[in-house]
Amino acid sequence: MNIEQRKDELKEKLLALGYFKTADGKQLYELSLSELEKAYKTIKRGDAFEQQSNFGR
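Heads up, the sequence shown is in our numbering, so the first residue is 3 and it goes up one at a time.
Where hints are given, some of them may not hold.
[Said to hold, decoys possible] Below, computed lysine-lysine pairings styled on DSS-like, alpha-carbon distance capped at 25 Å:
#, residue 1, residue 2
1, Lys13, Lys23
2, Lys15, Lys28
3, Lys15, Lys46
4, Lys46, Lys23
5, Lys9, Lys28
6, Lys9, Lys40
These are calculated hints, taken from the structure and not from any lab test.
Taking the hints into account, I'd like the entire structure generated from these sequences.
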C-alpha cells in the first residue's frame, strides 16, 4: 500500500466514525499521513475531535 492509499484508507475510517475535521479546523484532505494516523489513534482513544452527528445535532 502506498502513502496515498494509506491516507485514503484513514480518511475513510475517520469519516465512517463521523469525524471530518480536526479540533483546529483542518479538513481531513489537508492532513499529512502522520497527522491522519495521529487523528485516528486519538479518536480511537476517545479524545476530542469534532464529530458530525447523523442526526444534525
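Now the hints, each set against the structure:
| no. | hint | in the structure |
| --- | --- | --- |
| 1 | Lys13 - Lys23 | 10 Å, holds |
| 2 | Lys15 - Lys28 | 17 Å, holds |
| 3 | Lys15 - Lys46 | 11 Å, holds |
| 4 | Lys46 - Lys23 | 15 Å, holds |
| 5 | Lys9 - Lys28 | 15 Å, holds |
| 6 | Lys9 - Lys40 | 12 Å, holds |
The structure meets every hint from the earlier list without exception.
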